[in-house]
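If you read the protein sequences in the order shown, they are chains A and B.
Be aware that the first sequence starts at 61, since it is given in this note's numbering, and climbs by one per residue.
Be aware that the second sequence starts at 61, since it is given in this note's numbering, and climbs by one per residue.
The hints are simulated quantities; they were obtained by calculation from the structure and are not laboratory data.
Since we're looking at a predicted model, the values are computed, not measured.
It is possible that some hints are incorrect.
One copy or any two copies: either way a pair holds, since identical chains are not told apart in the list.
Think about it this way: if two alpha-carbon atoms lie no more than 30 Å apart in a straight line, the pair counts; the simulated DSSO-like pairs of lysine-lysine are [said to hold, decoys possible]:
id: 1; residue 1: Lys178; residue 2: Lys125
id: 2; residue 1: Lys331; residue 2: Lys184
id: 3; residue 1: Lys178; residue 2: Lys325
id: 4; residue 1: Lys184; residue 2: Lys325
There are 2 protein chains.
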Amino acid sequence: MDPRVRPASMSVTGFDFAGWSQDQLARVEQALDVWVTADAPHGLDHGAPAALVDAMRYAVLDGGKRLRPLLVLASCEAVGGNPQAALRAACATELIHAYSLVHDDLPCMDNDVLRRGKPTVHVKFGEAQALLAGDALQALAFEILTPDEAGIPAVLQARLCRLLAQAAGSAGMAGGQAIDLASVGHTLTERQLREMHRLKTGALLQGSVLMGAACAEVAACREQAVAAHAALANYGAAIGLAFQVVDDILDVTADSATLGKTAGKDAVGDKPTYVSLLGLERSRAHAQELLLEALAALDASGLARTAALRALAHMVVDRHA
Amino acid sequence: MDPRVRPASMSVTGFDFAGWSQDQLARVEQALDVWVTADAPHGLDHGAPAALVDAMRYAVLDGGKRLRPLLVLASCEAVGGNPQAALRAACATELIHAYSLVHDDLPCMDNDVLRRGKPTVHVKFGEAQALLAGDALQALAFEILTPDEAGIPAVLQARLCRLLAQAAGSAGMAGGQAIDLASVGHTLTERQLREMHRLKTGALLQGSVLMGAACAEVAACREQAVAAHAALANYGAAIGLAFQVVDDILDVTADSATLGKTAGKDAVGDKPTYVSLLGLERSRAHAQELLLEALAALDASGLARTAALRALAHMVVDRHA
Chain A
61 MDPRVRPASM SVTGFDFAGW SQDQLARVEQ ALDVWVTADA PHGLDHGAPA
111 ALVDAMRYAV LDGGKRLRPL LVLASCEAVG GNPQAALRAA CATELIHAYS
161 LVHDDLPCMD NDVLRRGKPT VHVKFGEAQA LLAGDALQAL AFEILTPDEA
211 GIPAVLQARL CRLLAQAAGS AGMAGGQAID LASVGHTLTE RQLREMHRLK
261 TGALLQGSVL MGAACAEVAA CREQAVAAHA ALANYGAAIG LAFQVVDDIL
311 DVTADSATLG KTAGKDAVGD KPTYVSLLGL ERSRAHAQEL LLEALAALDA
361 SGLARTAALR ALAHMVVDRH A
Chain B
61 MDPRVRPASM SVTGFDFAGW SQDQLARVEQ ALDVWVTADA PHGLDHGAPA
111 ALVDAMRYAV LDGGKRLRPL LVLASCEAVG GNPQAALRAA CATELIHAYS
161 LVHDDLPCMD NDVLRRGKPT VHVKFGEAQA LLAGDALQAL AFEILTPDEA
211 GIPAVLQARL CRLLAQAAGS AGMAGGQAID LASVGHTLTE RQLREMHRLK
261 TGALLQGSVL MGAACAEVAA CREQAVAAHA ALANYGAAIG LAFQVVDDIL
311 DVTADSATLG KTAGKDAVGD KPTYVSLLGL ERSRAHAQEL LLEALAALDA
361 SGLARTAALR ALAHMVVDRH A
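The following block holds chain A by itself, in its conformation from the complex (with noise of 0.2 Å):
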């Protein structure tokens, strides 16, 4: 084993990631739980609908890895943030990312029936009711974000906002998406391949890790904040990038029901994929590749506390599912 590629169980900070992310994952699930109601959070006196509600937390509760939370609330501690408006836009990604994939099911998109082993939600609650769901999400995310009396910043609000807004955009997430509508059936060079996967999977898990980096509080030096913003922002390019190529390739290893999604697709969408490019030999070593200059860029963050970040980087690349 390369010595550089420590993985989290063997690290010698000796940092329990294991027990580490139950706990971050019980403040997620928490907030999501609460945040995702027919109540609005500012206590309006009206609920929304609890048809659309019920679609919204289908899409949302019990499932997936929150890997984006995870990031968001890793990176904030690396930089001694703050961690009520950290649990904020770790969930608000989380409904960008549920939201994403709602859309994404839909017939005139990927038509998938199948998600975290459950039917999609346009398969349970019909097209329009997803189609709705996945709006409202997205509303919700910068909603949870801008609290009116919770105590966060107006300013790191107003940046929060931002950071998630270019990241799920034209230039973030969404054009990603439709990169890759324009690209089915043609063959890309591996630099148009990483651009689309850059903006449609990297953009919101590198705005993660900088939405997380953006929860610190004022600098006590200005040139150490700024050095460790641009290594942040170079992990989250690096694992951005891995997690997508570690996708392609289980699109083709792993079996729908260790997915929880319907394995194969690429290929029979007739999408690049890292597989078709390079071969599944080649986009393995990628994908440690990538995870080596993700530790590289927390090593050159001059942050004490990146065990976490360190810990995910492995997850996203040593992933089975």
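Please build the complex by placing chain B on the supplied structure of chain A, with the hints as guidance.
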């Protein structure tokens, strides 16, 4: 003519509504043209994919009455608010409105092929691109509200995001559309119909008024500001509902060419409307009542510069398309 219902052109204040709205519309059109582009509004070094941006621009530019932006700008003027912030808020409300039309026209929703006299977005660009364009427009609305360097106080940026997210989400526009879905083929009481429209159309119209009002600089007198805010909320609620009552009337009385969208859809779709519930004459009387209610709210606001809001209320009720 009821002397309380004085058309804008006969205003005793001599307010030139035509000139005012022409000026405001020019600002809004120019700003939308700048902000809905492949260049991310924050000077990122990468652009969004051209095909997606084409669909977004098609959905937003060169069409529409821009009622929501005008409400934002008129409301901001009434409270003497920050004009730069109001212009961003104005455009953000229009982006949300535009995205909702794109998604609403999709085959799984209203399946409409004509909008503003042109083929709908999915007819021109395909369903998948239309879905993504709508999603990206929603994200862009929040990005526009949170500029990095435009001199808009962060507390105002956060407040505008909150108001817009509430207006657009599950307890607002998206929630209203979900009620609409569930109500097809059912007989609603007037109360249920009002609740549906309060969310579906009213939330964003009222939200536009509230966003304009939020642009106020810190008020000299808190009590006055609270009273003005409550009055503007009432104004927004009244014209929000009036808009929908008139929409229902026009669906029966106008033709597709005048409307720029398919007329007679409600009856064909077996949708509950004010006309089906109250009949044409009582619906018209109800619209006039709501106009009086909106004007009375302005009278009670204690605000001096309400001429544009007054004229917009007339425009909502007296329109023919």
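Tested hints:
no.	hint	in the structure
1	Lys178 / Lys125	within (15 Å within a copy, 43 Å between copies)
2	Lys331 / Lys184	both (27 Å within a copy, 24 Å between copies)
3	Lys178 / Lys325	within (17 Å within a copy, 36 Å between copies)
4	Lys184 / Lys325	both (21 Å within a copy, 27 Å between copies)
When the structure is compared with the earlier hints, no violation turns up for any of them.
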